[in-house]
Amino acid sequence: MLSWLDANLVSILNGVAIGFLLFILAIGLSLIFGMMDVLNLGHGALFLAGGYLAWAVGGSDPGWGGFLAAIALAAVAGLVCGGALAGMVEPLRRRGHLDQALLTLGVALVVAELLAMLFGRDVRAVNPPPGLDRTVLVLGEPYPVYRLVLIAAGAGLAVVTHLVVERTTVGALVRATVADREMVSAIGVDNRRVRFAVLGLGSLAAAVAGVLGAPIYGARPGLDATVLILALVVVVIGGLGSVRGALIGALLIGQIESLGRALLADAASFILFGALAIVLIVRPQGLFAGPGARS
Amino acid sequence: MSAAVSCRSVGRTFGALRVVDGVDLEVRPGARHALIGPNGAGKTTLLRLVTGLLRVSEGSVELAGRDITRLSEVRRARLGIGQTLQHASLFGSMTAAENVALAVRRHERGGIRVVPVRERAVWARVDQLLAEVGLAGRGGVVAARLAHGERKQLEVALALACRPRVLLMDEPAAGMSTAERTALAELVRGLPERVTVLFVEHDLDLVFELATEVTVLSLGRVLLTGSPEAVRASAEVRRAYLGTTRAEPLFLPPVRGGADVPTS
Amino acid sequence: MIAPPVHTGRYLGGAAVVFLAAAPLFLAPYATTTLTRMLVFALLAASLDLLVGVTGLPSLGHAAYFGVGAYAAAWFTKNVTATGPVPVLVALAAGAATAAATGWVAVRTHGVFFLMLTLAIGEIVAQAAETWEPVTGGSNGLYGVPSTRIAGSPLDVAGLYWYVLAVFLAGFLVLWLVSRSPFGAALRGIRDNEPRMRALGYATRPYKFVAFVIAGAVAGLAGGLLAAQQRLVTPADLGFTTAALALLAVIIGGAGSLWGPCLGAALVIVVRDVVGPDLGGHGPLLLGLVFILVVYLLPRGAAGLRPPGRRPVREEASRI
Numbered sequence: 001m002l003s004w005l006d007a008n009l010v011s012i013l014n015g016v017a018i019g020f021l022l023f024i025l026a027i028g029l030s031l032i033f034g035m036m037d038v039l040n041l042g043h044g045a046l047f048l049a050g051g052y053l054a055w056a057v058g059g060s061d062p063g064w065g066g067f068l069a070a071i072a073l074a075a076v077a078g079l080v081c082g083g084a085l086a087g088m089v090e091p092l093r094r095r096g097h098l099d100q101a102l103l104t105l106g107v108a109l110v111v112a113e114l115l116a117m118l119f120g121r122d123v124r125a126v127n128p129p130p131g132l133d134r135t136v137l138v139l140g141e142p143y144p145v146y147r148l149v150l151i152a153a154g155a156g157l158a159v160v161t162h163l164v165v166e167r168t169t170v171g172a173l174v175r176a177t178v179a180d181r182e183m184v185s186a187i188g189v190d191n192r193r194v195r196f197a198v199l200g201l202g203s204l205a206a207a208v209a210g211v212l213g214a215p216i217y218g219a220r221p222g223l224d225a226t227v228l229i230l231a232l233v234v235v236v237i238g239g240l241g242s243v244r245g246a247l248i249g250a251l252l253i254g255q256i257e258s259l260g261r262a263l264l265a266d267a268a269s270f271i272l273f274g275a276l277a278i279v280l281i282v283r284p285q286g287l288f289a290g291p292g293a294r295s
Numbered sequence: 296m297s298a299a300v301s302c303r304s305v306g307r308t309f310g311a312l313r314v315v316d317g318v319d320l321e322v323r324p325g326a327r328h329a330l331i332g333p334n335g336a337g338k339t340t341l342l343r344l345v346t347g348l349l350r351v352s353e354g355s356v357e358l359a360g361r362d363i364t365r366l367s368e369v370r371r372a373r374l375g376i377g378q379t380l381q382h383a384s385l386f387g388s389m390t391a392a393e394n395v396a397l398a399v400r401r402h403e404r405g406g407i408r409v410v411p412v413r414e415r416a417v418w419a420r421v422d423q424l425l426a427e428v429g430l431a432g433r434g435g436v437v438a439a440r441l442a443h444g445e446r447k448q449l450e451v452a453l454a455l456a457c458r459p460r461v462l463l464m465d466e467p468a469a470g471m472s473t474a475e476r477t478a479l480a481e482l483v484r485g486l487p488e489r490v491t492v493l494f495v496e497h498d499l500d501l502v503f504e505l506a507t508e509v510t511v512l513s514l515g516r517v518l519l520t521g522s523p524e525a526v527r528a529s530a531e532v533r534r535a536y537l538g539t540t541r542a543e544p545l546f547l548p549p550v551r552g553g554a555d556v557p558t559s
Numbered sequence: 560m561i562a563p564p565v566h567t568g569r570y571l572g573g574a575a576v577v578f579l580a581a582a583p584l585f586l587a588p589y590a591t592t593t594l595t596r597m598l599v600f601a602l603l604a605a606s607l608d609l610l611v612g613v614t615g616l617p618s619l620g621h622a623a624y625f626g627v628g629a630y631a632a633a634w635f636t637k638n639v640t641a642t643g644p645v646p647v648l649v650a651l652a653a654g655a656a657t658a659a660a661t662g663w664v665a666v667r668t669h670g671v672f673f674l675m676l677t678l679a680i681g682e683i684v685a686q687a688a689e690t691w692e693p694v695t696g697g698s699n700g701l702y703g704v705p706s707t708r709i710a711g712s713p714l715d716v717a718g719l720y721w722y723v724l725a726v727f728l729a730g731f732l733v734l735w736l737v738s739r740s741p742f743g744a745a746l747r748g749i750r751d752n753e754p755r756m757r758a759l760g761y762a763t764r765p766y767k768f769v770a771f772v773i774a775g776a777v778a779g780l781a782g783g784l785l786a787a788q789q790r791l792v793t794p795a796d797l798g799f800t801t802a803a804l805a806l807l808a809v810i811i812g813g814a815g816s817l818w819g820p821c822l823g824a825a826l827v828i829v830v831r832d833v834v835g836p837d838l839g840g841h842g843p844l845l846l847g848l849v850f851i852l853v854v855y856l857l858p859r860g861a862a863g864l865r866p867p868g869r870r871p872v873r874e875e876a877s878r879i
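Residue numbers (the working numbering), protein chains in the order written: chain Z, 1 to 295; chain F, 296 to 559; chain D, 560 to 879.
Quick caveat, the hints were computed from the structure, so don't treat them as lab data. Ideal Cβ positions, reconstructed from N, Cα and C, are used throughout, including at glycine. There's no promise every hint is true.
Example chain F residues on the side facing chain D (calculated, C-beta under 10 Å, incomplete) [as the list claims (entries may be wrong)]:
hint, residue
1, I363
2, R365
3, V369
4, R400
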């Protein structure tokens, strides 16, 4: 057992790091989905835009200034894009899910293609900022410091999000909206503002996740689709609008992506589908969907 | 003979809200049993507990002596529970006749086949049902284009197509014109004895015209079950509706269009 | 809305078949090849329409079954026999089997969940195609697929066209019969108002599952035709872009009619093959813009068939 752990420690830690990155991405998707009933297929493109931003601002060896500037810029850009997306979705509110999904899909395709035109088809690798580009020994294995920092940052963010959603007035509004959208608008909450805020903040998280993920994934065409699918699977597994569900789903998918691929390279896709199928059979609403959640 | 429908200590909670609370209800075979009560009394919820759209939190539901508490809505429908909903709920893109045909096919020969067999009999039955509910000649109209009253009539045709043993109707007359209402009363009265009817209705004139038995619900509990006359005379019922024993006339119809369903 | 009046429809349909059958006699080989590609894609679009337009299940991953069929037919043609129509029948079976294996999970979900899940299934299958190298050839795909043989000799351009046309007509006929049957009426009932169907005593999930498998089988059949026509299958054929293009064909052609999406597919192929090369590989940009435009410009949106006015059913069900 211990030797197995030793042999796979790096994969497991990678899985945790990927998991937290997915969590940041999925929590936005999940809340947009839970609160607005909109499937935002543009989420992956925003992540990719964040990655390219990291490269464009800081270059492939960013200093702290460049890296932090990239994060700040990504936050602003994400907020603006999310607001714009909310404005575009607004006229379609009375339409079916498919219309809204097609719109965000169109936006995602356009954004991804524009990014490819701007940055080319090559992988744009980004190194961690100074001080974090080393490795340390974890249980005798060298491991990149940046990924450990990412794990810590992700965990911190998970705690903060959890506290905000469970303990604050804003969080109560979020939970209420997920449970019963009509009811919340009936008691006089300005749904329009909530929608803009949710899409804005969710997109902000996606773009920032892109910057944070750049030192791991780099930025390349196609990355948007890959992370989008993983985030979708996380949301399906976790249940919509649930912070705890998104976290556990993300950590699970992180392990499947990392440990699963390391141990059973050929079967990883099937394991991913298997995990989805099992969760949907046992808990059709996802693992942690609230009682009011709709399928 | 056992009751057509009986609810034993049936309760349903939504979160902390107890919407139906220990209801005992016996609907005699062949009865025209009305459920009345102020808004929020749990009438619609109780109906849904019988149809199976909602599951009970406690208690049991029986259909002609058979425990159906654990059965799905689909199974209950096949056992003979027909329903019409508060808001006409139809297949909007199809014609009235196609709407009824869906129900007829399901119940006349136990299912759907890919190969169309006995379609002629299906359409004959469809015409008959449409005529029965007063929609003769309207079969070719797309359901979404029917007038409100016509949609409610079509609802009834769908329910009857299921050859129900028990017909549950949630405010069948809501939004109907006087003429449509008279026709509806006629239709319900004309139903064969073997069809038991349990209906929720706010129009108390209609209730006292049709019902052979009335149950009054208030705040999720049964206040009283009895003959229409007994209910009309009850002071307790008066209090529940009006908060006073002095007000006349006895029954003021509640405000139309008010939310009757507890929104949890 | 469902179909043109029966008689007009019959004459139009007959005329279309006659025109299609005679096409290679007066078209240049290049145009015949384009028409072949259109038929392949039209069958995919029509099969997707059975889900999207008839049953109301908007799948974002339908290309998976198309691709599986294409791989199965290509592999079978290379390794077993190139004699038609055996490879496309293998493709049909493969599409049906994959749809059955994944569909039972998908039909358990509704609304946005269904969209997400089909998207995820499609991508997972595409990933599997890329990684399962011994069978699929990895990212290179399966190439060098031999020509389909009928009666011992390989098909030429016109022969291939007639072969594809015959299979297309058979597949389309299956979809059309299913859609017009009482079973199809039940599928439309599920599309319009699933809760009401349950209240009538229909167990809706098995219906959706069967529709899903039929659609997957016909998509697989279309994939088999793709393998015969391209004689090359790559992961892109079951990728998301293919699924999105098929959905686009359904939407611009008019969901629910089966024949409309075929016309939509022809248009999509024309744009992709004629305009596409001038875009210097920026096809996705055009596709994205078209999606955005379509959503805003189509008066009743992508579903097209939803009756006007409110939809009380969902509210009924979601009140609880």
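Hint check, V369 of chain F versus chain D [nearest Cβ-Cβ separation less than 10 Å]: holds, 5 Å
Interface hint status, I363 of chain F versus chain D (Cβ within 10 Å): violated, 13 Å
Interface hint compliance - R400 of chain F to chain D, C-beta minimum distance less than 10 Å: holds, 5 Å
Interface hint outcome for R365 of chain F [beta carbon to chain D under 10 Å]: Since chain D brings no Cβ nearer than about 16 Å to R365 of chain F, farther than 10 Å, the hint is violated.
Of the hints listed earlier, those the structure fails to meet are numbers 1 and 2, in rising order.
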